[in-house]
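For the record, the sequence lines run as chains A and B. Residue numbering for the first sequence follows this note's numbering, starting at -8 and increasing by one per position. Residue numbering for the second sequence follows this note's numbering, starting at 5 and increasing by one per position.
Heads up, a few of these hints could be off.
Said to hold, decoys possible - Computed far set for chain A versus chain B, every beta-carbon distance over 10 Å:
no., residue
1, F57
2, S75
3, D118
4, G119
5, I137
6, S141
7, P368
As the list claims (entries may be wrong) - Below, simulated DSSO-like cross-link-like pairs (lysine-lysine); rule was C-alpha separation at most 30 Å, straight line:
no., chain 1, residue 1, chain 2, residue 2
8, B, K23, B, K11
9, A, K208, A, K47
10, A, K(-2), B, K23
11, B, K64, B, K34
12, A, K47, A, K(-2)
13, A, K58, B, K11
14, A, K(-2), A, K325
15, A, K307, B, K23
16, B, K11, A, K47
17, A, K43, B, K23
18, A, K43, A, K325
19, A, K325, B, K34
Derived by calculation from the structure, the hints in this document are not laboratory data. Even for Gly, the Cβ is constructed at its ideal location relative to N, Cα and C.
The chain contents come next:
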Amino acid sequence: MDLSSAKQIVVIGGGQAGAQAVFSLRQGGYDGAITLVGDEPAPPYQRPPLSKAFLKGEMPEERLYFKPAAWYQDNGVELMLGVSATRIDRSARQVHLSHDAVLDYDALILATGSRPRALPLPGADLDGVHELRSLADVERLAPQTIAGRSIVIVGAGYIGLEAAAVARQLGMDVTVLEMAPRVLARVTSPVMSDFYEKQHRAQGVDIRCGAGLAALKGDNGAVTAAQLVDGSEIKADLVLIGIGILPNEELAAEAGIACENGILVDRDARTNDPHVFACGDCARRPLVHYGRIGRLESVHNAIEQGKLAAAAILGKPRPPEDTPWFWSDQYDLKLQIAGLSQDYDELVVRGDPEARKFATFYLKSGALIAVDAVNSPPEFLASKKLIAAGAKVAPERLSDTSISMKEIAATAV
Amino acid sequence: MVKIIYKDFEGTVREVDAKVGETVMETAIKNGIPGIDADCGGACACATCHVYVDASFMEKVGTPEDMEQSMLDFAENVTETSRLSCQIPVSEDLEGLTVTTPEAQH
Chain A
-8 MDLSSAKQIV VIGGGQAGAQ AVFSLRQGGY DGAITLVGDE PAPPYQRPPL SKAFLKGEMP
52 EERLYFKPAA WYQDNGVELM LGVSATRIDR SARQVHLSHD AVLDYDALIL ATGSRPRALP
112 LPGADLDGVH ELRSLADVER LAPQTIAGRS IVIVGAGYIG LEAAAVARQL GMDVTVLEMA
172 PRVLARVTSP VMSDFYEKQH RAQGVDIRCG AGLAALKGDN GAVTAAQLVD GSEIKADLVL
232 IGIGILPNEE LAAEAGIACE NGILVDRDAR TNDPHVFACG DCARRPLVHY GRIGRLESVH
292 NAIEQGKLAA AAILGKPRPP EDTPWFWSDQ YDLKLQIAGL SQDYDELVVR GDPEARKFAT
352 FYLKSGALIA VDAVNSPPEF LASKKLIAAG AKVAPERLSD TSISMKEIAA TAV
Chain B
5 MVKIIYKDFE GTVREVDAKV GETVMETAIK NGIPGIDADC GGACACATCH VYVDASFMEK
65 VGTPEDMEQS MLDFAENVTE TSRLSCQIPV SEDLEGLTVT TPEAQH
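Please construct the entire structure, taking both the sequences and the accompanying hints into account.
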């Protein structure tokens, strides 16, 4: 459907995806009305530093903002902050807001993001139990991260491990509890899991995999310990829950928009309602390099889908769909990930983990599908292109560090 | 405030006031300078903030560290004045710095 004559565009959600959609609409020459509705008080900001430099206190808040607040005013974007959408009336093409206002739209972009999965155990609501998703979460957590105090982190995903690194660097006693037999089990191979476990242990983090948490214990309403299923207790002045996120799809689902673990969208980020788009964490999209659909929780995905939605609304050619990519900073380790490694049938290690500079490649039927690169940008950048091209690469070449990644990229088929 | 001048590949010149301590990349993004994507927000993770530093400023700006250099090796049309602008902090020394943005970052 052609929406290029749209005069009123409403964006719900002020995270990376919603902000990108706004920037791309204006960059693309759209000069009609834009309203950006965000339920947080701050103007759109970057989330990745929240579990890294910002948590560590090395970055002022205003450096998180994509644009100064004046940009929105100067560019005719109405920011409605601290406001949430309560209902979409698709037949009237209206969004109802939390303060009883109603917005008309010609095109609606849902960038509602995700929320941390709640810990379904006794004690989860005690004081001192935190999650890490928003600026407000960090504002609550950061003043409590004091040297010598103890923190128990539940969940050894990227958020949990990045927070563990920061807490350790701030001088806290850090314990990480993971239910699975290894860290990062959902997202990477045993080789990388083993590497990160060793790095954290060497830094003094107590990593406990296969750990069953039974409850959080408290005194006078404040958390004091984590109790495991075997009855043992770990002292905790603070607890951080990092056990994954859930897509905020309810607003769409209640309006009858198709959802299934995320708002379902096509390659243009369009839902089953041609006037409604969804992008970022909340959307489940075609993964064109993998022949399936999936939900990606990443900066790359938020930016790309924001651009896709804006281009589709403006009737412009579809922007490129890149290999999914991610990064994680822990201590002095920069992990760069390209592609999705699920279902790989061959794993190749290049370089030496002991040297803290190496990469693991994931192949399926001879084609490169993903890479995890630690302090190794060439491995990451070359692979990103090879994966997009569906290239086959000989494993013995990938593992041979005497052959440069440039050469491997140039000779791959 | 320090004056930074951005030229795009077509020769259009844009002059902005930069805050000391922010980077040449952040200054560009906050002022809506086209030609710099900076997808990762300054984490030196994506190589989409490539610029060419004016030769007369190369000495003051300095050369890239290893991580940045190995990212640059995979950017398009790299020259010896190429830098990732997220790795150039603005300082008083850089008053009048001129950088040129490439035609594409991807």
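How the hints compare with the structure:
{"no.": "1", "hint": "F57", "in the structure": "violated, 7 Å"}
{"no.": "2", "hint": "S75", "in the structure": "holds, 25 Å"}
{"no.": "3", "hint": "D118", "in the structure": "holds, 32 Å"}
{"no.": "4", "hint": "G119", "in the structure": "holds, 30 Å"}
{"no.": "5", "hint": "I137", "in the structure": "holds, 26 Å"}
{"no.": "6", "hint": "S141", "in the structure": "holds, 29 Å"}
{"no.": "7", "hint": "P368", "in the structure": "violated, 4 Å"}
{"no.": "8", "hint": "B:K23 / B:K11", "in the structure": "holds, 19 Å"}
{"no.": "9", "hint": "A:K208 / A:K47", "in the structure": "holds, 27 Å"}
{"no.": "10", "hint": "A:K(-2) / B:K23", "in the structure": "violated, 36 Å"}
{"no.": "11", "hint": "B:K64 / B:K34", "in the structure": "holds, 23 Å"}
{"no.": "12", "hint": "A:K47 / A:K(-2)", "in the structure": "violated, 43 Å"}
{"no.": "13", "hint": "A:K58 / B:K11", "in the structure": "holds, 21 Å"}
{"no.": "14", "hint": "A:K(-2) / A:K325", "in the structure": "violated, 44 Å"}
{"no.": "15", "hint": "A:K307 / B:K23", "in the structure": "violated, 35 Å"}
{"no.": "16", "hint": "B:K11 / A:K47", "in the structure": "violated, 35 Å"}
{"no.": "17", "hint": "A:K43 / B:K23", "in the structure": "holds, 23 Å"}
{"no.": "18", "hint": "A:K43 / A:K325", "in the structure": "holds, 12 Å"}
{"no.": "19", "hint": "A:K325 / B:K34", "in the structure": "holds, 26 Å"}
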